[in-house]
Amino acid sequence: MNRPLDLGTPEQFRRHRPLDVLIPTRNRPAELAVTLSGLAAQEGVPDFGVVVSDQSDGEPAYAHPAAATMVRALRHRGRPVLLTRRLPRRGLAEHRAYLLDNSVARYVLCLDDDVWLEPGTVSRLVTAIRELGCGFVGNAVHGLSYADDVRPETHGHYEEWDGPPTPERVRPDTPAWERARIHPAANLLHVTEKLRLPAGAWRAYKISWIGGCVLYDRAKLVDAGGFEFWRRVQEKHQGEDVAAQLAVMDRHGGAGVLPSGAYHLESPTTVTERDVEAWQVVLTDSDTPQPA
Numbered sequence: 001m002n003r004p005l006d007l008g009t010p011e012q013f014r015r016h017r018p019l020d021v022l023i024p025t026r027n028r029p030a031e032l033a034v035t036l037s038g039l040a041a042q043e044g045v046p047d048f049g050v051v052v053s054d055q056s057d058g059e060p061a062y063a064h065p066a067a068a069t070m071v072r073a074l075r076h077r078g079r080p081v082l083l084t085r086r087l088p089r090r091g092l093a094e095h096r097a098y099l100l101d102n103s104v105a106r107y108v109l110c111l112d113d114d115v116w117l118e119p120g121t122v123s124r125l126v127t128a129i130r131e132l133g134c135g136f137v138g139n140a141v142h143g144l145s146y147a148d149d150v151r152p153e154t155h156g157h158y159e160e161w162d163g164p165p166t167p168e169r170v171r172p173d174t175p176a177w178e179r180a181r182i183h184p185a186a187n188l189l190h191v192t193e194k195l196r197l198p199a200g201a202w203r204a205y206k207i208s209w210i211g212g213c214v215l216y217d218r219a220k221l222v223d224a225g226g227f228e229f230w231r232r233v234q235e236k237h238q239g240e241d242v243a244a245q246l247a248v249m250d251r252h253g254g255a256g257v258l259p260s261g262a263y264h265l266e267s268p269t270t271v272t273e274r275d276v277e278a279w280q281v282v283l284t285d286s287d288t289p290q291p292a
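Using full-length UniProt numbering, the first residue of the sequence shown is number 1, and each one after it goes up by one.
Worth flagging that the hints you see were computed from the coordinates, not collected in a lab.
One should not assume that every hint holds.
What the hints assert, rightly or not - Beta-carbon label-pair distances, calculated as ranges:
hint, residue 1, residue 2, range
1, GLU153, GLN12, 45 to 53 Å
2, GLU11, GLU266, 34 to 42 Å
3, ARG232, GLU266, 45 to 53 Å
4, GLU131, HIS16, 19 to 27 Å
5, GLU193, GLN12, 43 to 51 Å
6, GLU235, VAL150, 37 to 45 Å
7, GLY78, GLN280, 14 to 22 Å
8, GLU168, ASN27, 32 to 40 Å
9, THR166, GLY44, 24 to 32 Å
10, GLY58, GLU153, 38 to 46 Å
11, GLU153, GLN280, 23 to 31 Å
12, ARG75, GLY120, 42 to 50 Å
13, GLY78, PRO198, 26 to 34 Å
The beta carbon of each residue, even a glycine, is placed where N, CA and C say it ideally should be.
Can you make the complete structure from the sequences, with help from the hints?
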């Protein structure tokens, strides 16, 4: 019998660790268990904690025996885990803002609840952000069901940074916005295979945005506004991660990291009400000249 799971408390969790992983979840117990299993297998990384915030319609996903076991495995390995519920739902951006408020770590990894990380992924991301000094780095997720679907027309959008990333203003209808075409399906996996990098090597490349697995310098994310724009967008939105990354890139720069160790579970989305793109609202507000 699976015994009751200790949820932890925010007061116990909030510590000045090098890294916290922030996971929003809803109605995905199996996927959450897989996501947590990837974290439990990470090696060679600094002390990190995990916050899971659940907005499921019924029982929280972390109460499922498989997910609960992975929570216990993380704690057994010395990784603090805080389990919370954030109800009623006020939209994706508000959920991310709530998760961020539960951390005072140096870096925060925003990880979706349907992404498995292969061993070594978190260590590589931490190494990259420390060396690059930018606002965030990320691993685009691979869809392995597309592994045999090679799309060479997208590969030309891969462009490496020559030196540390610099602040840049990425907007729709610009060449930089087209960089996103490198991320769907298994396109980045195919680019990585062509590069034939030696073991342990990685590259930083230019992006428009990255979904699913993004490591932020927390202070720089907060400096760019974090996810506080949730107050300006209606509840039924998507693209909150895009909005935050565009703001951080404006001030501090950002990069994708290759190879990516992030794999999408390709489950059906739980975000079915997408009336507004949050980034469109935020960009419209930020790009509108203010009265003198």
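A quick look at each hint next to the structure:
no.: 1; hint: GLU153 - GLN12: 45 to 53 Å; verdict: holds, 51 Å
no.: 2; hint: GLU11 - GLU266: 34 to 42 Å; verdict: holds, 38 Å
no.: 3; hint: ARG232 - GLU266: 45 to 53 Å; verdict: violated, 32 Å
no.: 4; hint: GLU131 - HIS16: 19 to 27 Å; verdict: holds, 22 Å
no.: 5; hint: GLU193 - GLN12: 43 to 51 Å; verdict: holds, 44 Å
no.: 6; hint: GLU235 - VAL150: 37 to 45 Å; verdict: holds, 39 Å
no.: 7; hint: GLY78 - GLN280: 14 to 22 Å; verdict: violated, 42 Å
no.: 8; hint: GLU168 - ASN27: 32 to 40 Å; verdict: holds, 37 Å
no.: 9; hint: THR166 - GLY44: 24 to 32 Å; verdict: holds, 29 Å
no.: 10; hint: GLY58 - GLU153: 38 to 46 Å; verdict: holds, 44 Å
no.: 11; hint: GLU153 - GLN280: 23 to 31 Å; verdict: holds, 26 Å
no.: 12; hint: ARG75 - GLY120: 42 to 50 Å; verdict: violated, 22 Å
no.: 13; hint: GLY78 - PRO198: 26 to 34 Å; verdict: holds, 32 Å
Checked against the numbered hints given earlier, this structure breaks hints 3, 7, 12; the rest are met.
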